[in-house]
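Residue numbers (my numbering), protein chains in the order written: chain A, 1 to 697; chain B, 1 to 203.
It should be emphasised that the hints constitute simulated quantities derived from the structure, not laboratory data. No experiment lies behind these values; they were computed from the predicted model shown. All clues given are correct.
For each label pair, taking beta carbons as the anchor points, the in silico distance ranges come out as: (1) A:386 <-> B:187: 27 to 37 angstroms; (2) B:131 <-> A:360: 21 to 31 angstroms; (3) A:551 <-> B:118: 45 to 55 angstroms; (4) B:3 <-> A:677: 56 to 66 angstroms; (5) B:186 <-> A:681: 49 to 59 angstroms; (6) A:422 <-> B:186: 34 to 44 angstroms.
Just a few of them, taken from the derived set where beta-carbon distance is under 10 angstroms, the chain B residues facing chain A: (7) 20; (8) 30; (9) 35; (10) 180; (11) 185; (12) 187.
C-beta atoms are modelled at their ideal positions from N, C-alpha and C, and glycine is treated no differently.
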Amino acid sequence: MNARERLRRARAVLIAGVVVRAVLGAVAAGAAVLGLFAALEAGIGLPATVRTLALPLAGLATLAALAWVAWRSRAVRSREAVALWVEARVPSLRYALVTLEDARTAGAAVEALEARVEGTAWRRPVSRALARALAGPAALAAGTIVVLALLPPAAVARVGRPREGADLAGPPRGRAARAPIVISVAVTPPAYTGERPFTLDDPALVAAVTGSRVAIAVRGAGARLAARLGDSGLAVEGTAGGARRTLTFAMPARPVALRFLADPGERIVAIEPRPDSAPTVTLTLPERDSVLRAAGGVVPLAAEVTDDYGLAAAWFEFIISSGERESFTFRSGVLARAALDGAPSRRADRRTTLSLDSLRLRPGDVIHLRAVATDRNDATGPGRGVSATRTFRVARAGEYDSIAVEGLPPFEGDTAAISQRMLIMLAEALERRRPRLARDVTVREARDLGRDQARLRRRVSDIIFARLGDEPSGEHAHAPGEVHDEDEARRANLTPEQLLAAADSATTLAAGAERPLDFAADETPVVAINRPLLEAYNAMWEAGRWLEIGEPDDALPHMRAALAAIQRARQAERLYLRGRPPTVVVDLAAARLAGDRSRARGGRREPRGAPAWHRARLAARLDAALGAASGTALVDSLLLLRLDALGRWPAFAAALGRAVADLRAGRDATFALVRAREAVAGESRASPGLPAWEMLP
Amino acid sequence: MSRFVFATARYESGDWDSAPLVPANIADTIARYTSIEVAPSGAIVPLGSPDLFRYPFAFFTGHLPVRFTDAERANLAAYVERGGFLFVDDHNHDVDGQFHRTATEELHRALGPLRRLPNTHALYSCFFTFEEGPPTTSHELNGWGDNLVHRYLNAVERDGRVGVLYSNKDYSSEWNYHPQSKRLFAVDNTRFAVNVIVYALTR
Numbered sequence: 001m002n003a004r005e006r007l008r009r010a011r012a013v014l015i016a017g018v019v020v021r022a023v024l025g026a027v028a029a030g031a032a033v034l035g036l037f038a039a040l041e042a043g044i045g046l047p048a049t050v051r052t053l054a055l056p057l058a059g060l061a062t063l064a065a066l067a068w069v070a071w072r073s074r075a076v077r078s079r080e081a082v083a084l085w086v087e088a089r090v091p092s093l094r095y096a097l098v099t100l101e102d103a104r105t106a107g108a109a110v111e112a113l114e115a116r117v118e119g120t121a122w123r124r125p126v127s128r129a130l131a132r133a134l135a136g137p138a139a140l141a142a143g144t145i146v147v148l149a150l151l152p153p154a155a156v157a158r159v160g161r162p163r164e165g166a167d168l169a170g171p172p173r174g175r176a177a178r179a180p181i182v183i184s185v186a187v188t189p190p191a192y193t194g195e196r197p198f199t200l201d202d203p204a205l206v207a208a209v210t211g212s213r214v215a216i217a218v219r220g221a222g223a224r225l226a227a228r229l230g231d232s233g234l235a236v237e238g239t240a241g242g243a244r245r246t247l248t249f250a251m252p253a254r255p256v257a258l259r260f261l262a263d264p265g266e267r268i269v270a271i272e273p274r275p276d277s278a279p280t281v282t283l284t285l286p287e288r289d290s291v292l293r294a295a296g297g298v299v300p301l302a303a304e305v306t307d308d309y310g311l312a313a314a315w316f317e318f319i320i321s322s323g324e325r326e327s328f329t330f331r332s333g334v335l336a337r338a339a340l341d342g343a344p345s346r347r348a349d350r351r352t353t354l355s356l357d358s359l360r361l362r363p364g365d366v367i368h369l370r371a372v373a374t375d376r377n378d379a380t381g382p383g384r385g386v387s388a389t390r391t392f393r394v395a396r397a398g399e400y401d402s403i404a405v406e407g408l409p410p411f412e413g414d415t416a417a418i419s420q421r422m423l424i425m426l427a428e429a430l431e432r433r434r435p436r437l438a439r440d441v442t443v444r445e446a447r448d449l450g451r452d453q454a455r456l457r458r459r460v461s462d463i464i465f466a467r468l469g470d471e472p473s474g475e476h477a478h479a480p481g482e483v484h485d486e487d488e489a490r491r492a493n494l495t496p497e498q499l500l501a502a503a504d505s506a507t508t509l510a511a512g513a514e515r516p517l518d519f520a521a522d523e524t525p526v527v528a529i530n531r532p533l534l535e536a537y538n539a540m541w542e543a544g545r546w547l548e549i550g551e552p553d554d555a556l557p558h559m560r561a562a563l564a565a566i567q568r569a570r571q572a573e574r575l576y577l578r579g580r581p582p583t584v585v586v587d588l589a590a591a592r593l594a595g596d597r598s599r600a601r602g603g604r605r606e607p608r609g610a611p612a613w614h615r616a617r618l619a620a621r622l623d624a625a626l627g628a629a630s631g632t633a634l635v636d637s638l639l640l641l642r643l644d645a646l647g648r649w650p651a652f653a654a655a656l657g658r659a660v661a662d663l664r665a666g667r668d669a670t671f672a673l674v675r676a677r678e679a680v681a682g683e684s685r686a687s688p689g690l691p692a693w694e695m696l697p
Numbered sequence: 001m002s003r004f005v006f007a008t009a010r011y012e013s014g015d016w017d018s019a020p021l022v023p024a025n026i027a028d029t030i031a032r033y034t035s036i037e038v039a040p041s042g043a044i045v046p047l048g049s050p051d052l053f054r055y056p057f058a059f060f061t062g063h064l065p066v067r068f069t070d071a072e073r074a075n076l077a078a079y080v081e082r083g084g085f086l087f088v089d090d091h092n093h094d095v096d097g098q099f100h101r102t103a104t105e106e107l108h109r110a111l112g113p114l115r116r117l118p119n120t121h122a123l124y125s126c127f128f129t130f131e132e133g134p135p136t137t138s139h140e141l142n143g144w145g146d147n148l149v150h151r152y153l154n155a156v157e158r159d160g161r162v163g164v165l166y167s168n169k170d171y172s173s174e175w176n177y178h179p180q181s182k183r184l185f186a187v188d189n190t191r192f193a194v195n196v197i198v199y200a201l202t203r
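Produce the complete structure using the sequences and hints provided.
What follows is the structure in structure tokens.
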């Protein structure tokens with residue numbers, strides 16, 4: 001690289017240095033102007049009109065600094081000037097650079113000059129000189145920025161975003177001139193919210209996140225000034241002679257009225273906190289409660305977590321309850337606890353698994369699962385949100401399904417069949433033992449079986465007659481051998497033929513002569529309907545006779561015939577309804593859990609609605625305020641009403657807020673008040689006392 | 001590929017429609033556990049109709065004696081020969097009841113004898129695993145039935161594939177409830193139906 005190329009490179013570096021110097025100077029000038037305005041605002045207060053000049057003046061100062069530095073350094077455009085600048089800082093060059101830049105220099109002189117430049121190290125001196133040139137503007141820019149950062153944020157914000165408001169420093173003008181108390185509010189939200197400080201000039205209400213720092217500058221018309229926030233007094237700093245007094249408090253958790261009591265004058269400001277909501281936690285897996293037949297495997301857990309400002313941590317919790325009746329033990333644990341550090345996140349998806357094997361569950365244990373999250377609220381919190389709880393129960397051994405299956409009662413002859421089968425077995429056993437028994441023992445045991453057979457026969461006859469009439473009639477008795485009156489005693493001794501005759505009679509009475517029962521041509525209705533049971537009845541009768549005389553072997557064929565007849569009766573009893581089966585259409589999306597979850601509430605609780613009496617009371621207060629107050633008193637009344645309506649009646653509160661704004665601005669508030677009246681009165685309903693149209697004359 | 005439709009076979013004798021809620025219930029089960037495209041309601045197909053060949057799976061149940069017409073018998077034989085799957089379930093829970101005697105006789109006449117299906121058959125492990133063979137129904141044990149658990153199912157096989165699956169276990173009663181009532185059960189008692197249908201559709 002020859003000397004001329006080195007000079008061109010040095011010139012490029014110097015041009016870059018000039019640009020940086022100009023930018024640094026411009027930043028310093030702009031920040032200095034803004035800092036000056038902010039310092040004046042913080043110290044003595046500036047009129048809004050003056051504050052609105054801050055940004056334009058800062059811009060002008062920036063441009064002026066840019067132009068001034070550029071004009072001062074305009075010589076950098078010339079290579080001769082750059083060569084001279086270098087020669088001035090590196091005397092050992094002895095004007096070799098300047099001479100080389102001369103167009104008239106040529107021939108052997110050039111080589112000699114190149115050799116001289118080549119032998120001289122001038123890069124380091126030039127760099128040092130350039131750094132010195134930039135150090136001053138850089139320090140100035142940094143200093144002004146630091147000063148700006150150290151000034152009260154609210155003052156900087158009021159200068160950076162000026163709004164129309166009170167003139168706290170000068171004499172009252174316009175609307176402020178008529179107000180006895182004028183305020184300016186600076187609100188600094190908690191750092192975790194990430195919101196910027198803001199100011200309000202002469203507001204009727206102050207709404208901010210709970211825990212925000214609220215600083216109110218007051219200029220009262222009188223010498224004495226007191227302030228109360230709800231029921232608590234607030235310290236007012238400063239004196240009336242200082243023209244400005246301040247009070248500071250943290251935004252409370254509930255809406256309250258801030259009252260200024262001056263001499264003369266009184267003013268109410270609504271302090272309306274915006275609560276930081278607790279995180280909303282939705283447990284997406286497992287989807288539903290369940291009963292586990294065996295306590296094993298892995299349960300996937302998943303949760304969706306959201307918050308209005310930022311999440312701090314999230315985890316899953318479980319509680320295991322063991323035991324029964326009055327003896328229970330509990331275990332609990334935490335799964336996948338994680339701090340959601342880093343950039344503030346308003347949404348997170350958490351997933352993990354729960355190994356049931358590791359919990360050593362026993363039959364009857366119940367696992368309760370839920371997800372938990374906390375937010376970053378370090379001012380009034382942290383807020384804690386929990387999901388709905390899912391429950392898994394481990395079934396106990398031998399436990400039936402959770403549904404109660406109530407079967408239809410058995411065919412009424414079933415018990416007769418079972419008893420008949422048992423009588424047969426007993427008779428067969430007696431017959432097998434008969435060779436080893438004395439005759440009187442055989443007769444006694446056979447008669448016992450005979451009495452059981454007779455009891456069973458009476459039950460069969462009850463079945464027959466109960467279907468035909470409303471009263472068991474054939475051989476009714478409440479206990480073996482027990483009869484109640486002469487009729488029953490007579491029926492107890494009926495023969496089968498007499499019994500059938502009685503059944504025919506009962507059928508005729510029940511059905512009536514004009515409407516006979518359906519039956520075959522050669523059968524009476526009783527026989528047609530009850531033929532199998534009547535056969536059983538007859539067989540039982542015969543079996544009973546043989547048992548009464550101690551001959552079980554002769555009774556057994558009749559007993560088996562009775563059992564077979566009862567079996568036929570069971571088969572004949574079945575009635576099957578035929579017809580078009582109902583069409584059931586399956587909701588396949590629901591079965592596959594593929595439905596639309598967007599409208600699902602996910603177990604989130606809804607607040608209970610406000611009681612009707614509260615609405616009526618607010619409506620009465622609105623009527624009273626509109627009828628009795630005007631001007632400032634009306635505004636104060638509406639503000640107090642708004643404070644009571646916040647939360648429960650948001651539409652009413654919003655309408656009152658608009659009405660207050662209109663009244664304070666001197667505008668017509670009729671529309672807003674009508675809206676408020678509609679909101680608090682509810683929807684119009686037809687009166688049930690009005691007559692129907694056709695009843696009108 | 002068309003959707004799977006749970007078809008109920010209608011036959012001339014007996015009460016073919018004795019379990020009207022089974023089709024929807026099993027369709028719901030198929031949707032819950034599998035990705036099989038399934039129709040939301042069942043279809044009724046005459047056993048003697050060529051329409052039977054539109055359905056790879058057909059359900060056959062009843063309480064009363066069964067007597068096939070000649071057309072039903074011939075159609076059923078062709079259906080099984082061509083790869084169809086008929087699931088026959090005795091809606092009674094008797095031992096040697098009327099449906100059982102007559103249905104097995106008719107199946108024997110149409111397709112040959114029913115043989116015991118081993119409890120290690122692929123049918124019991126093709127989706128869910130039933131290590132002890134066919135799951136027991138509540139009607140086998142609830143006191144009103146025969147108090148006898150049928151340990152095996154029977155089948156008619158063609159080329160190593162089950163063409164007719166025959167059950168005495170009364171799944172018709174076990175599964176005959178509205179799908180929405182399934183949530184009341186601790187253990188879904190219709191899971192075996194998934195195995196039957198998956199087997200029918202994949203073999």
